[in-house]
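Engineer: Each chain, written out:
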Amino acid sequence: MAGMLSFFQKCRSCISQRTIVYVVCLLAFFIIVFGPLLGLFLDLIKTLLSGSGKITLSLLFSERKIVLLGESVGLALAVSIAGIGVGIAIATLLWQTGKKITYSILLLLLALAPIPPYIYALTWSTTLYALNQFLASIGAALVPSTGWVISFWVQLMALLPLAIFLSYIGLASVDKTLVEAARTIRSDGRVLREIILPLAAPSLLVACGFLFLISITDYSVPSLFGSDTYALDIFAQFSASNSPSATFISAIPLLIVTIAVLILCRSGIRKLAQTPNWMVGSWDTPPEFPTSFQSIQKGAFALLAVQMMVIFFGLVFSVGSWNKFVSTVLFSVNQLQYSCLVVIAVVLITIPFSLLVAHELMNQNARSSLWWLIILIPIAIPSPLIGIGIISFWNIPTLSFLYGTSLMPIFASVSRFAPYAVIILFVQYRFIDPVLFDAVKVFSRDIIDEWFEVKIPLLAPGLLIASGVVAALTLGELGATIVVVPPGHETLTIKIYNYLHYGASAEVTGLCLIMAIVTFIIGLCAVSSILWWRRRGILNQAVPRIGDLNE
Amino acid sequence: MIELVNITKKYDTVAAVNRVSLTIADHARLAILGPSGSGKTTILRLIAGLEIPTEGTITIDGKVVSTPDSLVMPSERSVGFVFQTPALWPHMNVERNILFALQEQSPDEARKRLDELLGQMAIKDLRYRFPYQLSGGEARRVSLARALAPNPSLLLFDEPLIHLDEELKTDILTLIADNVKASASSMIYVTHDKREAEAIADTTVRLKNGQVVPS
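Keeping their order, the protein sequence lines are chains A and B.
In this text, residue positions in the first sequence follow this note's numbering: the first is 56, and each later residue adds one.
In this text, residue positions in the second sequence follow this note's numbering: the first is 44, and each later residue adds one.
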């Protein structure tokens with residue numbers, strides 16, 4: 056007994072209170088984020104051990120599944136490659152404009168990026184309806200309003216703002232001096248082809264992979280246009296069988312694809328996050344590209360203009376009158392309130408925990424590659440599977456007081472979007488000279504002063520941007536929330552998605568308009584905070600660290 | 044001949060270069076000397092066409108190449124630029140880095156010129172190496188070879204010895220001086236080191252706060 060006591064006393068003297076709090080917080084974070092996956096694994100093992108007949112190989116390899124996987128991969132590949140193609144054309148067009156215009160357009164795109172894809176689905180189906188009416192009146196062939204082509208188109212349009220932004224970052228990640236060294240020798244067209252594109256290829260590949268993951272794990276757009284995707288099939292499988300393990304088994308082929316893509320992109324994401332010098336990416340003298348490429352640029356820009364007009368006019372004109380809009384708002388007050396509560400809770404949980412993880416990533420050199428993979432894994436998990444995993448993990452007798460409460464949709468969003476917050480906060484850390492943190496250690500007397508007087512003000516831009524991104528994504532979250540939302544509650548997104556199946560009406564458009572305005576305002580706030588801090592010189596240049604980019 | 048007439052370059056409201064006029068005769072070797080932030084690099088970038096002047100005109104061999112409203116592209120100015128860092132393209136080996144500057148020539152001519160430069164710079168053994176496999180001094184030699192490769196009419200050096208140790212500085216400086224003498228090019232060499240300027244140039248211009256000041 057005395058020996059045990061002395062062991063605990065020894066442990067207590069070795070491990071500070073601060074370390075214990077730190078470890079407990081990290082543990083809590085990992086339980087919330089990875090709990091769904093753990094739940095699915097445990098459920099699968101339990102089912103396998105009990106010899107349940109539900110688990111068969113046909114869940115993995117039926118002909119239908121293989122075709123569905125092929126179609127889903129095809130759609131995601133087409134969307135991501137086309138997105139990056141258009142993105143490159145527009146990003147290079149931005150080089151030909153002034154810095155102010157470039158930044159304004161990039162920031163506008165950043166604010167548009169979080170608008171949920173189903174809103175694009177609504178506006179494009181309205182536009183298509185009008186177009187087909189016109190085509191019918193002149194006796195021309197109609198544009199198909201369901202199927203893969205329209206699913207591809209709408210998903211491309213929905214991801215276009217993000218695709219352009221990521222392409223710009225990819226191209227701007229090329230060292231400016233290397234571009235200038237080439238410009239003194241060769242024409243700009245050849246510089247683009249032989250220097251910029253090969254050097255930017257790893258970053259563009261990461262961007263492409265990122266778009267691929269978003270596209271393949273989202274089912275909202277294809278399902279609204281009558282195309283079955285693998286992600287939707289996971290949801291359908293669960294609805295039909297109510298068996299998490301069977302659903303998990305059937306999701307494995309898709310998981311293999313998404314995790315393989317994530318592994319391919321992991322190192323690139325890490326490099327881009329470690330050297331975020333894309334803030335200074337514009338050219339001092341505008342490039343002159345060949346006429347053929349200029350035509351492609353103009354075409355891509357026209358596409359972006361059409362996309363913006365469709366979302367703007369599609370929502371504004373379809374909403375009907377002001378009175379109708381007000382009545383829609385009043386009609387959805389409960390859903391709005393509930394969505395706001397979920398968003399606030401998600402931000403409050405995600406940001407402090409993500410800050411800890413980002414801090415831990417900064418301290419991990421040799422093991423960071425594995426850490427990055429772990430942190431990024433939730434991005435590769437289809438959203439319905441996260442919802443199902445939450446049911447498996449939390450729906451046990453000991454945790455029954457939590458299960459079935461509003462904590463479940465909150466945990467679903469934390470699990471899905473925490474990786475984004477970690478990446479943003481990691482990038483923010485990179486913009487701060489580590490000497491400033493060393494100085495805090497020397498001069499600060501207590502942890503409260505350390506955080507509130509120095510660290511939080513220094514990290515404030517990242518904290519605000521991460522909060523904005525997480526809030527906007529949570530507001531539009533559908534796949535996981537729809538599975539775990541408690542009875543009697545409904546988020547705005549679920550209400551819109553349910554209504555959308557009955558076609559576009561003034562009510563749906565009104566709800567979408569509210570959603571678009573709210574996400575746009577959140578995006579705009581995040582963007583404004585970037586500008587505010589940049590003007591104060593806080594976000595101007597990433598500070599290199601010893602051991603950067605070492606695998 | 045290169046002529047800068049009343050050149051001003053402003054970033055927002057701050058003038059990095061303020062009404063500078065300079066004439067550089069053919070085959071001249073000019074050093075621009077000045078402390079950090081005096082506008083030396085900006086002048087080189089303006090001459091190379093990497094910046095647009097806010098005011099003034101730049102002419103090369105009688106042809107107007109830069110005004111606030113018009114710009115001849117950098118690749119059409121026949122300039123060779125050696126940057127503060129070697130600026131070698133990491134996806135190309137040494138040979139390809141140099142050959143990229145020789146694409147106007149026929150393949151046989153380009154190969155011949157490449158061999159000549161590799162010999163001159165004593166980097167023949169490095170031709171298949173990639174930039175990450177080179178030491179700092181070796182990378183500078185490749186960078187110099189690339190700038191000299193197309194026999195440009197004007198060579199621009201932007202503090203090429205910065206960040207090098209003393210021994211390597213002397214080595215590379217001698218290499219630059221020898222090669223510039225052997226070429227028919229004019230040269231503008233930017234530095235904050237008076238000894239460097241005296242060792243390499245015939246004429247020195249002093250710059251302070253974006254303006255030419257008497258030596």
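Careful, some of the hints might be misleading.
Claimed, not checked - Straight-line Cα separation of at most 16 Å, EDC-like style, residue types lysine to aspartate or glutamate; simulated pairs: (1) K53(B) to D339(A); (2) K53(B) to E98(B); (3) K120(A) to D339(A); (4) K212(B) to D236(B); (5) K154(A) to D339(A); (6) K154(A) to E241(B); (7) K155(A) to D55(B); (8) K237(B) to E181(B); (9) K224(B) to E241(B).
As the list claims (entries may be wrong) - Quick list of simulated restraints, FRET-style, between CB atoms: (10) V371(A) to H134(B): 42 to 52 Å; (11) L211(B) to W587(A): 41 to 51 Å; (12) D104(B) to K353(A): 42 to 52 Å; (13) H134(B) to I156(A): 28 to 38 Å; (14) G153(A) to L211(B): 33 to 43 Å; (15) D214(B) to D488(A): 32 to 42 Å; (16) E159(B) to G153(A): 42 to 52 Å.
Keep in mind that the hints were calculated from the coordinates and are not lab data.
A virtual CB, placed ideally from N, CA and C, is assigned to each residue, including glycine.
Engineer: Evaluate each hint against the coordinates.
Structural biologist: Now for the hints, and whether the structure bears them out:
Distance hint between K53(B) and D339(A) is fulfilled; the C-alpha atoms sit about 12 Å from each other, no more than 16 Å. At most 16 Å may separate the alpha-carbon atoms for a hinted pair to count; K53(B) and E98(B) meet this at roughly 9 Å. For the proposed pair K120(A) and D339(A), the alpha carbon gap of about 52 Å is over 16 Å, so the pair is violated. Using a Cα cut-off of 16 Å, the hinted pair K212(B) and D236(B) holds, with the two alpha carbons roughly 12 Å apart.
With a C-alpha separation of about 9 Å, the suggested pair K154(A) and D339(A) falls inside the 16 Å cut-off, and the hint holds. Note on K154(A) and E241(B): the hinted pairing is violated, with a Cα-Cα distance of about 39 Å set against a maximum of 16 Å. Under the criterion of a C-alpha separation no larger than 16 Å, the hint pairing K155(A) with D55(B) is consistent with the structure, at around 12 Å. Between K237(B) and E181(B) the alpha-carbon distance is near 25 Å, which puts this suggested pair outside the 16 Å criterion.
The hinted pair formed by K224(B) and E241(B) meets the criterion: a straight-line CA distance of about 15 Å does not exceed 16 Å. For V371(A) paired with H134(B), a C-beta distance near 47 Å keeps the hint of 42 to 52 Å intact. Remark: the range hint 41 to 51 Å for L211(B) to W587(A) is upheld by a beta-carbon distance near 44 Å. For the pair D104(B) and K353(A), the beta carbons lie near 35 Å from each other, so the given range of 42 to 52 Å is not met.
The supplied range of 28 to 38 Å is met by H134(B) and I156(A), whose beta-carbon atoms lie about 31 Å from each other. Roughly 41 Å separates the CB atoms of G153(A) and L211(B), a value that falls within the hinted 33 to 43 Å. Between D214(B) and D488(A), the C-beta spacing of about 34 Å keeps the proposed range 32 to 42 Å intact. Take E159(B) and G153(A): their Cβ atoms lie about 43 Å apart, and the range 42 to 52 Å holds.
When each numbered hint is compared with the structure, violations occur for hints 3, 6, 8 and 12.
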